[in-house]
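K.L.:
Residues per chain are reported as follows:
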Amino acid sequence: MNSREKVLGRVRAALGPARGTPVEVPRGYRRRLAEPADRADVVALFSERVAEYRASVRHVGADEVATAVAAALWGRGAARIAVPADLPYGWLAELEGVQAVADAPPIPAGALDGMDGVVTGCAVAIAQTGTIVLDGGRGQGRRALTLVPDHHLCVVHADQIVGTVPEAVARLDPVRPLTWISGPSATSDIEMARVEGVHGPRVLEVLIVDGPLC
Amino acid sequence: MTAPAGTPPPKFADAARAALADTQLRRNLHNATATIRERRAAAAGELPDWEELRAAGAAIKDRTLLNLDRYLEELERAVTDAGGTVHWAATAAEANRIVTRLVRATGQREVVKVKSMVTQEIGLNEALAAAGITARETDLAELIVQLGDDRPSHILVPAIHRNRAQIRELFLRAMPGAPADLTDEPAALAAAARAYLRERFLAAEVAVSGANFMVAETGTMVVLESEGNGRMCLTLPETLITVAGIEKVVPTWEDLEVFLQLLPRSSTGERMNPYTSTWTGVTPGDGPREFHLVLLDNGRTKALADEVGRAALRCIRCSACLNVCPVYERTGGHAYGSVYPGPIGAILTPQLRGVKAAQPASLPFASTLCGACTDLCPVKIDIPEILVHLRGEVVEARRHRPVPTPELALMRTAAWTMADPRRYEAALRRGTRWARLLSRGGRIRRLPGPLGKWSDARDLPAPPAQSFRAWWREREGGR
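If you read the protein sequences in the order shown, they are chains A and B.
Each residue of the first sequence is one higher than the one before, starting from 0 at the first, in numbering that gives the first Met the number 0.
Each residue of the second sequence is one higher than the one before, starting from 0 at the first, in numbering that gives the first Met the number 0.
For reference, chain A alone in the conformation it holds in the complex (with noise of 0.2 Å):
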């Protein structure tokens, strides 16, 4: 017998009758915010939330995403960033100064490690738990983007921000990679303290666009 009828045949002989047994899932919890909250309470609930991780939050017009972007690169002293080969074109047209370089083809994880920052779009947010999450799609670029460089910064629109933890597992597509992000990287495992910044980004940036889409 293989191992796989053997741990199989246990699980079976040990559930014994009451293998099958349909158990119902109360759920009963909430899938939306608590109080009927209008798009600019969800909105202000998320750059509150981002904010509690000490990750940087600025609201900025549709029509100023590409001065925001260079300011906070400019800020940082980036001269060069890494970019999805899909970010909208849009939002580095006014990087002077900083050259960015688009991932395609992709580039090694040793000169990602030399970059000063990326810019991504997300997938979705989370406003209860002040999450962003990517999934790969437009405007995100592969995993190892948003991990390597010290910088993440990250354009997030207004009505990408669901409320709730359940909106967002909704809205998600489980074959596609997900990252979950929640402020900068940190530990407690010092004493307990949140310490930012081991690994991943020790530095996240989050612009949220209100307003149409451009």
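Just so you know, these hints were derived from the structure itself, not from any lab.
Where is the CB? At the ideal position from N, CA and C, for every residue including glycine.
Certain hints may be false.
[Said to hold, decoys possible] Pairwise CB distance ranges, derived in the manner of DEER restraints:
1) B/Ala130 / A/Pro107: 21 to 31 Å
2) B/Gly391 / A/Glu23: 29 to 39 Å
3) A/Pro104 / B/Asp180: 37 to 47 Å
4) A/Ala17 / B/Arg435: 49 to 59 Å
5) B/Glu253 / A/Ala17: 44 to 54 Å
6) B/Glu306 / A/Ala101: 54 to 64 Å
7) A/Gly113 / B/Ala186: 46 to 56 Å
8) B/Arg197 / A/Thr66: 25 to 35 Å
The hints should help you fit chain B onto chain A, whose structure is shown.
P.N.:
Same frame as chain A, but now just chain B:
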């Protein structure tokens, strides 16, 4: 990790004695557990539907366990369809052989590892080392444990027993390239670990991880972490090997909406942990090209067979029960002699290993049955109930020994004495006389011989000169 081969780990009470004498350890533990207790309470209290989430979490896990064979087969199919390879391991040794073979096939001599309880349980690092493969732990606390040649003492924070000054000292001594002017600021210590591990991540070809959840319906693996070392391991290498206990499966993608709320809030007391990664098989152009999943039994089906004990398999390894346990807070994790310490370890370890050996048999007694753990367990495991049930099993297992334990001999004598009124009364008379001789001022402060252990911690009231039965008989001839 396991104790050195040949020497069985000491029983809980013996191991605890050494831990209790270490005042530095007790201070480190007290500070750390107090901090995390407060954070957990705030994070759980913030959600008005916390109790509903717990109820859902418990039910999802029960549903999984009672249909485990079906979900495992479904998971296998989904992972395979997504380009992964599934392996089955009945024992720790078999899992170690599979992982060793997979690493060898890549031609690599070094693997990077994400913190995983299950690979500690099976002693994977030691098995790989024996095959000439270096396993490098990348979680900060695991790194602290590995550099110090130490053992983890907490599920979530394996180095909880060390404070910042001790960690600084360790880094200076054991971490190649640690800056000479390293301070004991947590941020500086974290930065030193970042620099030390960065090159290794960038060069890593093979990674080994555990999984917090596996979704049967979609074949998706889920890993929650804080530092980004997990993302490094899951993303950069060419080959990824995930080892997971069979109880880690959940039926549907939707079920994650419950656990992704329960786990971070219970575990680190955060609304959400910094990073959660999910992946389904392999994705061309993003992450590893090869994905292997090793499904491990190693005693889990034994626990599953126990109708009361099986609830322990609901555990999502949040470690909230450790942080709230008055016993754990004083003894720390090492005294439990297992990778799973604290209340959950006291019910899980004896079930995985059986209660024949003295060490696992001592664990169900490592509790005051206060129930604080059950009050906050996110999947509502009734730990005291299982503890009492396992205590019964320990006693039952000892009943058939050729030489009875002193406790059992005493109980048998008592049963024999009480079974007959004449024997009982004779014993009562004699006992009363002796007890009154031993008493001072109406109390017995010290019992003779081995019974003295019992009276070390308590006084016994002296029995009255005459028993009720004697008095009744004397009273008008018993009428």
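K.L.:
I want to verify a distance hint. Is the separation of the beta carbons of B/Arg197 and A/Thr66 within 25 to 35 Å?
P.N.:
Holds, at about 33 Å.
K.L.:
Does 37 to 47 Å hold as the CB distance between A/Pro104 and B/Asp180, or does it fail?
P.N.:
Cβ of A/Pro104 to Cβ of B/Asp180: about 41 Å, so the range 37 to 47 Å holds.
K.L.:
May I ask you to test the hint 29 to 39 Å on the CB atoms belonging to B/Gly391 and A/Glu23?
P.N.:
Hint holds: Cβ distance 31 Å, inside 29 to 39 Å.
K.L.:
With respect to the beta-carbon atoms only, verify the hint that A/Ala17 and B/Arg435 lie 49 to 59 Å apart.
P.N.:
Roughly 56 Å apart at Cβ, these two residues keep to the hinted range, so it holds.
K.L.:
Can you let me know if the beta-carbon spacing of A/Gly113 and B/Ala186 is within 46 to 56 Å?
P.N.:
Once the Cβ atoms are compared, 23 Å apart, the range 46 to 56 Å for B/Ala186 and A/Gly113 is violated.
K.L.:
Just tell me: holds or violated, for the beta carbon distance of B/Glu306 and A/Ala101 against 54 to 64 Å?
P.N.:
Between B/Glu306 and A/Ala101, where Cβ atoms are some 59 Å apart, the hint holds.
K.L.:
Could you say whether the range 44 to 54 Å given as a hint is met by the Cβ separation of B/Glu253 and A/Ala17?
P.N.:
About 24 Å separates the Cβ atoms of B/Glu253 and A/Ala17, which means 44 to 54 Å is violated.
K.L.:
Please check whether B/Ala130 and A/Pro107 have a Cβ separation lying inside 21 to 31 Å.
P.N.:
Holds: the Cβ-Cβ distance is about 30 Å, inside 21 to 31 Å.
Of the hints listed earlier, those the structure fails to meet are numbers 5, 7, in rising order.
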